[in-house]
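Asker: Now for the letters of each chain:
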Amino acid sequence: MADTAVLAAQTVAAKARPAGTALAARLAELDLPTGGFTRAARADAAARLEAMGLPGARDEYWRYTDPAPFNAPTADALAYTDRESTLFGGIDRLKLVFVDGRFDASASDALEGEGLEITTLAAADAAGDHWAADLYGKLEASGQKPVKRPFAVLNTLAAVDGVLIRVTGKVSRPVHVMYRRVALDADVTVHHVVRLEEGSELTLLETGGIGARSNVAMEVELGREARFHHIASKRADDAKVGIGHVFARVGEGALFKSFTLSVNGSMMRNEGVIEIVGDDAVAHIAAAVLGDGGEGRFHHDDTVFITHAAERCESRQVYKKVLKNGAHGIFQGKILVKPGAQKTDGYQISQGLLLDEGSQFLAKPELEIYADDVKCSHGSTTGALDETAMFYLRSRGVPKEQAVVLLVLSFLADALDEIEDDRLRGDILTRLDEWLTSRASA
Amino acid sequence: MLNIKNLHVKLEDEDKQILKGVDLTVPAGEVHAIMGPNGSGKSTLSYVLSGRDGYEVTEGEASLYDHDLLDMEPEERAAAGLFLAFQYPVEIPGVGNLTFLRTAVNAQRKARGEEELSSGEFLKLVREKAKTLQIDAEMLKRPVNVGFSGGEKKRNEILQMAMLEPKMCILDETDSGLDVDAMRLVAEGVNALRSPERSFLVITHYQRLLDHIKPDVVHIMSNGRIIKTGGPELALEVEKNGYGDLLAEVG
Chain X
1 MADTAVLAAQ TVAAKARPAG TALAARLAEL DLPTGGFTRA ARADAAARLE
51 AMGLPGARDE YWRYTDPAPF NAPTADALAY TDRESTLFGG IDRLKLVFVD
101 GRFDASASDA LEGEGLEITT LAAADAAGDH WAADLYGKLE ASGQKPVKRP
151 FAVLNTLAAV DGVLIRVTGK VSRPVHVMYR RVALDADVTV HHVVRLEEGS
201 ELTLLETGGI GARSNVAMEV ELGREARFHH IASKRADDAK VGIGHVFARV
251 GEGALFKSFT LSVNGSMMRN EGVIEIVGDD AVAHIAAAVL GDGGEGRFHH
301 DDTVFITHAA ERCESRQVYK KVLKNGAHGI FQGKILVKPG AQKTDGYQIS
351 QGLLLDEGSQ FLAKPELEIY ADDVKCSHGS TTGALDETAM FYLRSRGVPK
401 EQAVVLLVLS FLADALDEIE DDRLRGDILT RLDEWLTSRA SA
Chain P
1 MLNIKNLHVK LEDEDKQILK GVDLTVPAGE VHAIMGPNGS GKSTLSYVLS
51 GRDGYEVTEG EASLYDHDLL DMEPEERAAA GLFLAFQYPV EIPGVGNLTF
101 LRTAVNAQRK ARGEEELSSG EFLKLVREKA KTLQIDAEML KRPVNVGFSG
151 GEKKRNEILQ MAMLEPKMCI LDETDSGLDV DAMRLVAEGV NALRSPERSF
201 LVITHYQRLL DHIKPDVVHI MSNGRIIKTG GPELALEVEK NGYGDLLAEV
251 G
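Protein chains in written order, with the UniProt record's numbering: chain X, 1 to 442; chain P, 1 to 251.
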């Protein structure tokens with residue numbers, strides 16, 4: 001089955017081309033890798049994508065976000081300021097640099113570390129056999145039920161590079177994936193796979209400009225008692241159009257925590273798909289989003305699906321979006337408690353802070369529960385800055401612009417609290433403060 | 001000194017007149033109390049003086065020394081030396097009490113063209129002032145007023161007052177929700193701040209706060225106007241007979 005993936009993809013393209021479908025046009029522009037250890041997964045993805053097609057505006061899961069920019073065959077060019085992200089600069093970490101979605105060994109640290117086995121997708125995929133074969137495209141595929149996620153399938157099919165990390169011990173030094181952009185129209189597909197073995201620990205950081213359009217997928221498997229912290233920061237010119245998927249499978253007693261700061265994009269969608277499969281596990285996913293529609297369009301969509309399939313597990317979704325100048329924020333979050341997942345503790349909060357009347361926050365919280373001894377709660381609010389709190393601060397002499405900054409930070413606090421490490425949270429806070437202060441009067 | 005002349009105020013959103021010609025002068029160094037039944041306009045007066053939205057001044061003026069208060073933003077009034085201790089201090093989750101205090105102190109210094117306090121100077125000052133109010137380090141670190149008891153919130157207001165060193169302090173029902181011990185502690189904090197340069201306007205329903213913070217002058221407010229002014233004995237009279245007699249007397 002030498003070139004199955006390519007053949008399958010070409011078949012999709014060939015079949016579709018006469019009809020001129022969106023999928024055929026989309027695939028025609030991609031350099032589809034043949035694949036080594038990923039070959040079977042890519043072939044499977046090609047077949048699944050053919051059956052599924054690209055989403056249309058009428059798909060239930062795309063009701064609030066127009067998939068057109070993701071469906072378009074090519075990316076629109078995006079200018080960017082030539083500045084390196086300095087976030088987490090003061091922290092000792094293992095740096096992995098990706099330029100336009102491809103690993104740059106010369107700019108990166110050596111791929112080694114205590115308790116770590118690291119390689120890149122491109123390098124490993126040249127060989128036929130790899131531990132990541134058990135996961136690549138597998139968590140993604142299992143995350144397709146009951147909701148279809150075509151761009152994750154496309155990612156499995158088309159990913160050119162990424163990082164493959166196997167964690168065997170408690171790693172204290174975070175691994176930092178740093179994205180850099182060069183080409184103005186870079187259309188980037190990156191796929192990371194992380195496996196945490198029993199009792200291991202890792203913190204993974206992601207920052208920087210990925211591409212004019214980006215499609216990033218990450219599959220994470222947490223073994224028994226493993227702990228994984230993920231902190232991503234995406235800023236204004238990092239991507240114009242971006243979609244990201246995090247697929248996690250959380251084992252017994254394990255802890256999964258993911259936090260994303262977004263101050264970017266004109267069209268962003270982040271999907272979190274977490275399946276808790278072991279008893280007594282914990283999964284938290286959080287985001288702080290700051291959107292300014294004044295710099296062009298701003299549309300930010302977080303779509304989350306957490307499945308409880310084990311007993312005594314805890315999940316938390318904390319989403320906070322600050323929107324101004326006509327920015328749009330979307331949240332679709334679901335907790336599914338499977339039969340037998342007793343003593344589940346599921347919590348979900350999504351909040352929009354609208355700094356003007358033209359901005360909009362839409363939330364679709366969902367609970368689906370098939371066990372009778374569970375505690376699940378969800379809440380969603382949309383509102384303006386609290387006038388009493390504004391007056392309180394100003395009556396103490398704090399100027400209006402500075403009072404807004406303090407109240408925005410106050411609003412985001414619950415999401416930021418999901419970052420356990422004080423230094424990392426401090427860095428994110430500093431970044432936020434700078435961003436807010438620089439725009440306070442805008 | 002605070003000078004209020006013929007102040008008329010209505011609600012911005014509805015045609016409801018709240019203050020109907022308030023005249024009041026509080027000279028430097030004096031403590032004045034305003035008492036009055038519910039709905040007489042006491043809290044409205046404190047909000048209008050400190051610049052809260054939602055009110056429209058239809059007539060009259062108010063000045064603090066040479067500052068025309070009614071033309072200023074709330075933060076400008078604060079920098080000019082006005083301070084309002086809230087009846088219900090606001091909780092601000094996620095913002096540390098120290099951060100809040102330092103931001104306020106330095107914003108006011110900056111507005112007055114003074115040098116901002118360094119981290120070290122600020123901490124030294126705040127610890128010193130907090131100690132006398134029995135505010136511990138833990139309370140300083142916690143988010144502003146979050147999880148504070150009623151007494152802690154009011155003490156925190158007085159701490160802000162002590163840090164900001166205003167010329168004119170308005171206390172809006174500072175005694176509400178306080179037990180006897182907490183009230184004494186708050187009153188001691190206020191008394192410690194009394195000075196020949198600083199004036200106080202104490203708004204209260206009850207005489208008991210005035211047992212602890214002794215006023216020079218007591219005003220009775222009713223239906224948007226000050227209807228009677230006298231010495232501390234006026235407060236005792238209210239405590240004994242209620243407002244009924246006074247209101248009837250004025251007609």
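It cannot be assumed that every hint is accurate.
[To be verified] Simulated coverage check for chain X against chain P, where a stretch passes if three residues somewhere in it have a Cβ under 8 angstroms from a Cβ of chain P: (1) 153–164; (2) 384–393.
[Said to hold, decoys possible] Over the 10 angstroms line for every Cβ pair with chain X, so calculated as not near, a few chain P residues: (3) His8; (4) Leu11; (5) Glu12; (6) Ser50; (7) Arg52; (8) Val57; (9) Tyr65; (10) Thr99; (11) Val105; (12) His212; (13) Lys214; (14) Val217.
[As the list claims (entries may be wrong)] Derived CB-CB ranges, DEER-like: (15) P:Glu12 with X:Asp417: 29 to 39 angstroms; (16) P:Asp15 with X:Val147: 29 to 39 angstroms; (17) P:Ala137 with X:Thr388: 22 to 32 angstroms; (18) X:Gly294 with P:Glu12: 51 to 61 angstroms.
Treat the hints as calculated values from the structure; they're not laboratory data.
Ideal Cβ positions, reconstructed from N, Cα and C, are used throughout, including at glycine.
Asker: Each hint needs a verdict: does it hold in this structure or not?
Answerer: Going through the hints against the structure:
no.	hint	in the structure
1	153–164	violated (count 0)
2	384–393	holds (count 7)
3	His8	22 angstroms, holds
4	Leu11	15 angstroms, holds
5	Glu12	12 angstroms, holds
6	Ser50	5 angstroms, violated
7	Arg52	5 angstroms, violated
8	Val57	16 angstroms, holds
9	Tyr65	17 angstroms, holds
10	Thr99	8 angstroms, violated
11	Val105	8 angstroms, violated
12	His212	24 angstroms, holds
13	Lys214	26 angstroms, holds
14	Val217	24 angstroms, holds
15	P:Glu12 with X:Asp417: 29 to 39 angstroms	37 angstroms, holds
16	P:Asp15 with X:Val147: 29 to 39 angstroms	54 angstroms, violated
17	P:Ala137 with X:Thr388: 22 to 32 angstroms	28 angstroms, holds
18	X:Gly294 with P:Glu12: 51 to 61 angstroms	29 angstroms, violated
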